[in-house]
Amino acid sequence: MALLEAQGLVKRFGDYSAVDKVSLSVESGKIFGLLGPNGAGKTTTIRMITNIIAPDEGKVYIFEEIAGPKHQEKIGYLPEERGLYKKIKVLEQLIYFGQLKGLSRNDAIHKARFWLKKLDAGDWENKKIQELSKGMQQKVQFISTIMHDPPLLILDEPFSGFDPVNTELLKQVILDLKKEGKAIMLSTHIMEQVEQLCDEICLINFGKVVLSGNVRDIKKSYGKDTIIIEYEGDGSIFNQLNNIQIINKSENRIEFRMNGDLTLIKGLQRDIFSTVLLYKYELSEPSLNEIFIDVVSKKEL
Amino acid sequence: MRFNQSKIQSIIKHEYTTRIKSKGFIISTILGPVGFFVLIGIIALSSYLSVSETPVKHIAVIDYSQKYGSEIVTLDTINLFLSNESEENLREKVLKQELDGYLLIPEAIIDSGTVYLFTGGGGGIALQSSIKNNVSYIVRNHRLKIAGLDQSIINTIDTEVKVDSRKVTKTGERKEFTEVYAVIGYILGISIYILMFTYGGIVQRSVIEEKANRIIEVIASSVRPFEILMGKVIGVGALGLTQILIWIVVFGLGFYIAAPLLVEYFNPEMMQTTMINAPEIGNLSKDFEIPYISPWLFIALIFYFISGYFLYASIFAAIGSAVDQESDAAQLQAPISIFIVIPMLFISVVIINPDGVLSSILSLIPFFSPTLMVIRIAASEVPLWQILLSVVLMIGSFYGAIWMSAKIYRVGILIYGKKPSFKELFKWLRTA
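If you're matching them up, the sequences are chains V and E in order.
Its first residue numbered 1, the first sequence is counted upward by one per residue in my numbering.
Its first residue numbered 302, the second sequence is counted upward by one per residue in my numbering.
Do not rely on the hints blindly, as some may be mistaken.
[Said to hold, decoys possible] Derived list of chain V stretches under chain E, where covered just means 3 residues or more per stretch with a C-beta under 8 Å from a C-beta of chain E: (1) 78 to 84; (2) 97 to 108; (3) 286 to 297.
The hints are simulated quantities; they were obtained by calculation from the structure and are not laboratory data.
Just so it is clear, CB atoms sit at the ideal spot from N, CA and C, and this is done for glycine as well.
Just chain E, with the same shape it has in the complex (with noise of 0.2 Å):
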């Protein structure tokens, strides 16, 4: 195939330049990282309230043992309480709902190790833990007395652990900011995710566009569909590559200026103790420093939007150029939805098992790596074997998505007032 090169470039420089001058870009240049933050804000927010504003229940306790009980509810004076009510009395009321429930504490506790909850609609899993690890603990002090151990052995097993990670390096062993890097990763993994779909969309837009102005059959006159459908992804991908260095650049520079800053200002003690409670606050002031971020995290980052972008762009366009207005884009994507949809729903196991073998396969399928790839390279060392092929993976099919689309995009600019299904689109692309 032999490609007019200055075309393309018109094209490229066309779709970047009248973007790029748009207000819709500059506003979000702007408000994309605000919005971001705003959005984790909730996300963090809401998980807050989630834990720390779990409704009331009232649960009345009845202790056969007369004894445990009263130590159970005094570890959760909230939600429990003691009754000398009967057992039928206490089911009516949580059948009239005056009760959410009751806990039935039987004489052989310490022994047999169980406890019964009545609820009238299952009290949720926050509930059940809580009260399961308030018996447990019970238990387990009082087995461990009958065992003959003393109080202060016991207080001393109650200590609560932490783990001080270190990564080691060829230049040492540094702080390991696990939980920095796992943040850093789901927001460089969101951020490429929600970009990707966005510059998809641009491009799909676009397509419509000159589709449904009618401008596609004078530019289809000029220059090849090939040329088009590459001109526009490239143009496209380009602003969105400039968006993201902008982004970058201003993050970058903030951060390199503000770290030194707040290491200064904050106490770095203050802030370890609110963080842990650790005995060793000496070591931990001296320890402080800003988590490090390897270049080639930047490298991933572009190198994953790009191809990523390709790969959704191009099938974008393939849809686009089917359908005549943008709604009936909507249906015809259904299928693909799949592909938007699954990243999300494992994100968070990715994050937190980022080296197990259900997040190493789909890391590496070509429509998740760029979300997942991205954060596991961010929150662990991914073996160099899997990243190698993710990239001959992800570069594969985003040719392979061009070419499909190429040809589904030279049938579909032409055809007007016909909603295609998908088998249509695949006999296009035996056709073309």
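If we strip away everything but chain V, and leave its shape as in the complex, we get (with noise of 0.2 Å):
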């Protein structure tokens, strides 16, 4: 058995199913993605997992037994809407949240620090929140998520509020908790973080699963008929295109999917090379982002 295991979970609010039987399950060393548009009904299935709130069916598995007050300790939850106290000074803020998650007041002072410094905010300790920028109140936050050295992470937008700099570091921090065995839980719209770092993914519409599996599986058997182009010049030519689902169209890019039939696009190439100037021409997978789209859309109609 993984490490989660969520077993048909169900959450209604009066008559409204927020979640509708969603089972997933997440193991150790590897990156989970769960993924969705907002009000799918995300955060209400991770609040079940981390046992704020109950299902109304379902169960959860936190090494192989029933989820409850003690498996808390367990997990390590960065919420989406992050929140810290404003006056109070950052390490104190941080041994208050260790030691909620079970730590000592010595073992939260040790790893506070280690992480602070960890993370290039060594010198913060005595600084109170209000006067830290957004993204230093972000690292706190993270590292309030972390400290305890929880085997189960669940990372809701984890890099929102980041700089690009910041958004490596934190990567690289998540990748190497990854290799030390976590079982991380991600929770993201932008689809190419997805790409970088998950190795499964769950996508939830409308409180169901619709899509769920291993990253590159799902990939592929969407097949290889993304086309995208780069060019230069009069892009008239593309209109001659029909029977394709255009996913992007600027100026000087046009990104589309030929519905699996290449032959089309196949007797258009030497036009296209011969009218526009080519920077890109690449025939690939669809991306996370476009598989996504297609799946919510679909789902809508």
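Once you've looked at the hints, go ahead and assemble the two chains, each given alone in its own frame, into the complex.
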């Protein structure tokens, strides 16, 4: 059994099912992407896993035990909506959160200092949160999530508010944690990050799982029929392509899917070469972004 | 239910230590009593002013008896004067507001005992009662004279009486300080009232802050909502208790150090003469003693503060958890205001008649007990069964309040963006 197993989770608010029979499993040493449009039921699912709310049906297993209050210490949860005490100093704040996760005061001090140093934040110990920039606050929040060394991490939009440099730093930390054997659940809307980081994904829409599995397998199953062309010159030639699904079109770039049939583009290749100056011509699998939009919009129809 | 002791302790410690170091706590500990005495001073001053500074009224007196009018006027020369004008003229003047009113004294006043007061706008209770007193004084004296009593006997009857009240205790009798006890009761009752709602309010703000800053989700993923609520209420309550203990120690020490000095420096005879017009001053100076304050009063004070605070703090916390910002809390709190207003309305009733049926019933209602029962205990001898009943009711109701609040809190902390009605809060009670 995986470190985290959720089986048939259901949560209703009145007549409305926020989460409807969601099952998923997250293994040690893997990053699991929990995806879905806004309001799909991701946060509610996470809240059931973290034992903040109780499911109406279904069960959550952590280390093969039914999850309860004592498993909360095994989870590090970074909610999408961040929050810290504005007037309390960084170190004190971290000690408090560490203690709430079962660390002793000394351990909490030790771990807090270790992580502050590791994330280039060693000087902030005695600063109040309100003196810190948004990105700095996010770092403190991230430390509060991981400092008690939980085997399961649930990170909801962990990169929001970070500049590119710190985003890379954080990515590296997450990958290191993965290497250490943590099970990591990542929820984000940025599909590039999912492609870079996630091994498995689960896509939820209207409270139901609509797509799940290994990222590579999912992409493969969609087939290699996405074409990306970057060019300079008269793009009217692309108007001759019909029966395609345009994903993205701008003055110098077009991205589209052939819906499995590549013969049409083959016939046009020569004309394209002769009419425009070609920078890039790429045949690839659809991006997760594409798959996401495809699945979500199909379901809505 | 199994509780995680160490986590509750962490929360208690966090709530306590972050606040005890705050400027707000230090300032309120120092300025609280100052503000309180200023408040008491203002109340005392205003009641003094209202008595002494009754505005002068111009009341013309028409004396058909040709005799008693002048006697009545001599008793109150400030407001009253004799007039020879006709009733019609005076009525005109009253309507033109040149005159506040006129008093008609009929010929047969001694028999009927009735005078007639005509005013533009009632004249106020103070004026009416002063006229009533003066007229009845004159009428009574003349009736007694007619009955054949000597003026010296009448003077004897007029002498004011005084009650020297003594409290019977097991060790004998001691001087009774009914008024002092009433004042102590009033001060303690008001203090407990202010503290209960101040600290209840702190709990509520703390709940709203954690919710508004979205800290609550992180905490809720570590600790159970009931434990968060308990930790918070206990932590802030301990802070309140600390403040009370600081005041008790400071004032207690001050009182016991200052009291003997006061006895030395203030001439007790002087104090007594200004207070009472008594003939036996010699006795009083021997009797002068510090009012005895039973340690039970302090125990009652602390018990009623703690239980009342728990009751209101948990209700306030539940309301705080249901809203996103403080301004919304006020709205939801409106129905509860009745519990806040009632003790204030009845505080004077309880002080005047601490053993009355109304006082007894009101002081047994848990929402009012912390204020009213403390006043009764200070001002009078409350029957033991009433105290025990009140203690049981208090404990029962704060358990109930915590239980209900925990349920509302559980749901409330995760709901954003809508202002729930009272009806919805009850729905949460059933679903949670």
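Taking the hints in turn, this is what the structure says about them:
1. 78 to 84: holds (count 5)
2. 97 to 108: holds (count 5)
3. 286 to 297: violated (count 0)
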